[in-house]
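Colleague: So you can see what is in the structure, the chains are spelled out below.
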Amino acid sequence: MVSSHKPEKLNGIKFLLLEKIDPITLKGKNDFVISMDTVGAGIHEIVFYVSGSSAKYTSVTGGGLPSDSAITGIVDFIEKDGLYTYEKYKA
Amino acid sequence: MVSSHKPEKLNGIKFLLLEKIDPITLKGKNDFVISMDTVGAGIHEIVFYVSGSSAKYTSVTGGGLPSDSAITGIVDFIEKDGLYTYEKYKA
Amino acid sequence: MVSSHKPEKLNGIKFLLLEKIDPITLKGKNDFVISMDTVGAGIHEIVFYVSGSSAKYTSVTGGGLPSDSAITGIVDFIEKDGLYTYEKYKA
Amino acid sequence: MVSSHKPEKLNGIKFLLLEKIDPITLKGKNDFVISMDTVGAGIHEIVFYVSGSSAKYTSVTGGGLPSDSAITGIVDFIEKDGLYTYEKYKA
Amino acid sequence: MVSSHKPEKLNGIKFLLLEKIDPITLKGKNDFVISMDTVGAGIHEIVFYVSGSSAKYTSVTGGGLPSDSAITGIVDFIEKDGLYTYEKYKA
Numbered sequence: 001m002v003s004s005h006k007p008e009k010l011n012g013i014k015f016l017l018l019e020k021i022d023p024i025t026l027k028g029k030n031d032f033v034i035s036m037d038t039v040g041a042g043i044h045e046i047v048f049y050v051s052g053s054s055a056k057y058t059s060v061t062g063g064g065l066p067s068d069s070a071i072t073g074i075v076d077f078i079e080k081d082g083l084y085t086y087e088k089y090k091a
Numbered sequence: 092m093v094s095s096h097k098p099e100k101l102n103g104i105k106f107l108l109l110e111k112i113d114p115i116t117l118k119g120k121n122d123f124v125i126s127m128d129t130v131g132a133g134i135h136e137i138v139f140y141v142s143g144s145s146a147k148y149t150s151v152t153g154g155g156l157p158s159d160s161a162i163t164g165i166v167d168f169i170e171k172d173g174l175y176t177y178e179k180y181k182a
Numbered sequence: 183m184v185s186s187h188k189p190e191k192l193n194g195i196k197f198l199l200l201e202k203i204d205p206i207t208l209k210g211k212n213d214f215v216i217s218m219d220t221v222g223a224g225i226h227e228i229v230f231y232v233s234g235s236s237a238k239y240t241s242v243t244g245g246g247l248p249s250d251s252a253i254t255g256i257v258d259f260i261e262k263d264g265l266y267t268y269e270k271y272k273a
Numbered sequence: 274m275v276s277s278h279k280p281e282k283l284n285g286i287k288f289l290l291l292e293k294i295d296p297i298t299l300k301g302k303n304d305f306v307i308s309m310d311t312v313g314a315g316i317h318e319i320v321f322y323v324s325g326s327s328a329k330y331t332s333v334t335g336g337g338l339p340s341d342s343a344i345t346g347i348v349d350f351i352e353k354d355g356l357y358t359y360e361k362y363k364a
Numbered sequence: 365m366v367s368s369h370k371p372e373k374l375n376g377i378k379f380l381l382l383e384k385i386d387p388i389t390l391k392g393k394n395d396f397v398i399s400m401d402t403v404g405a406g407i408h409e410i411v412f413y414v415s416g417s418s419a420k421y422t423s424v425t426g427g428g429l430p431s432d433s434a435i436t437g438i439v440d441f442i443e444k445d446g447l448y449t450y451e452k453y454k455a
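Residue numbers (the numbering used here), protein chains in the order written: chain A, 1 to 91; chain B, 92 to 182; chain C, 183 to 273; chain D, 274 to 364; chain E, 365 to 455.
Looking at chain A on its own, in the form it has when it is part of the complex (with noise of 0.2 angstroms):
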């Protein structure tokens, strides 16, 4: 997502869509949420994120950001139970 009309300490913040998944199908829910990125995600990467307040937190978004939503990781593995429903690096 790209917004030019925002204030100034939000430029070069990367917005990106996020779909929530079901973390053992895998498969979308057709519920998104914007989140600014902190760590470099990619198309199709499964990641983790925070809401809230917590947003805040990070190295990108601290300093007073108006952020409620921030990526804080790229996920590698889900497990349930023992089982892997998620591979990053066999996908």
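Please keep in mind that the hints were generated in silico from the structure rather than gathered at the bench. Careful, some of the hints might be misleading.
Cut-off 27 angstroms, straight-line C-alpha distance, at most; resulting in silico cross-link-like pairs (DSSO-like, lysine-lysine) [as the list claims (entries may be wrong)]:
no. : chain 1 : residue 1 : chain 2 : residue 2
1   : A       : 20        : E       : 393
2   : C       : 196       : D       : 282
3   : D       : 293       : E       : 452
4   : C       : 262       : B       : 181
5   : E       : 384       : E       : 454
Each pair of labels, with its calculated beta carbon distance range [unchecked claim]:
no. : chain 1 : residue 1 : chain 2 : residue 2 : range
6   : A       : 24        : D       : 315       : 35 to 45 angstroms
7   : C       : 270       : D       : 303       : 32 to 42 angstroms
8   : A       : 14        : D       : 355       : 50 to 60 angstroms
9   : D       : 355       : B       : 175       : 51 to 61 angstroms
10  : E       : 426       : C       : 193       : 28 to 38 angstroms
11  : D       : 315       : E       : 449       : 40 to 50 angstroms
Just so we're clear, the structure is a prediction, and the values are computed from it rather than from any experiment. Even for Gly, the Cβ is constructed at its ideal location relative to N, Cα and C.
Based on these hints, arrange chains B, C, D and E on the given structure of chain A.
Modeller: Relative to chain A, chains B, C, D and E alone:
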């Protein structure tokens, strides 16, 4: 939305009625939120807003306002998997 | 809603039962929230309230009250696409 | 709810299982939340609780506890449009 | 859930995949959340967690981590109306 009966420190703040949209189809979801404008948004524009306590971190809503929703950007483009689902200046 | 058994610092606070409405049809959604009054709202008025930690930023709920919902305005008009869906002083 | 395996600073805190109710019919919604008691609430009482970071603003949960839900009042009356839907001391 | 690509300050934090349960029937709701472990929780244990900014108030997640969910207790018992719906050491 206009309110005359409110705390003095909210005077001059513009309250906009936002309808949430599906970012792919751009259809309205019939789900509304009242948000404080900080960027001069207009009718029918697609905007980006933050919720919760993060809404207090703008130049307009800062200074201890009771704000839980603030518009922080006017959207130019929305892109999914390399395709634009929205282009402000083409519409 | 009246509660006699509560922390002393909540004495004098008026707890109102709010029903969420559709801002276009003005119909109640049968979805309720208890909110602390800060503007002297009355029965059947349409009000604006803030949720979460932002509810602590009013003259009434400030000073460290455990408040997660506060009424911060009585609504005069609601307008969508140039048409009023609600006018307080016309009804 | 009882938990023995928890941070020391949560010792002595009573965790209650709350069922959300419809404030008009008083029927349970089969929707539950675990909340820290700060007022000495008992079984079958209707209580008022706060969610989110505001739950840290009580005498019991203050001092930096990881609390996101706290009971802050026992309800005496609920009134809608001039009629009581609940009266604690009449039931 | 394992993430290698994340801010340094999140190194050493264990991210657990939690499935929300009905506290009466104990059945999973197929609704998941990623939470930071602060108590050494294991597979198939029922845990108590806090959401939102309150998740930053533990010894593990303190110090400015971008955390919006933290496990703060392992549940021993759940009781409703005098009957146990769950007893950890009996199962």
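Colleague: Can you name, in rising order, the numbers of the hints this structure does not satisfy?
Modeller: 2 and 11
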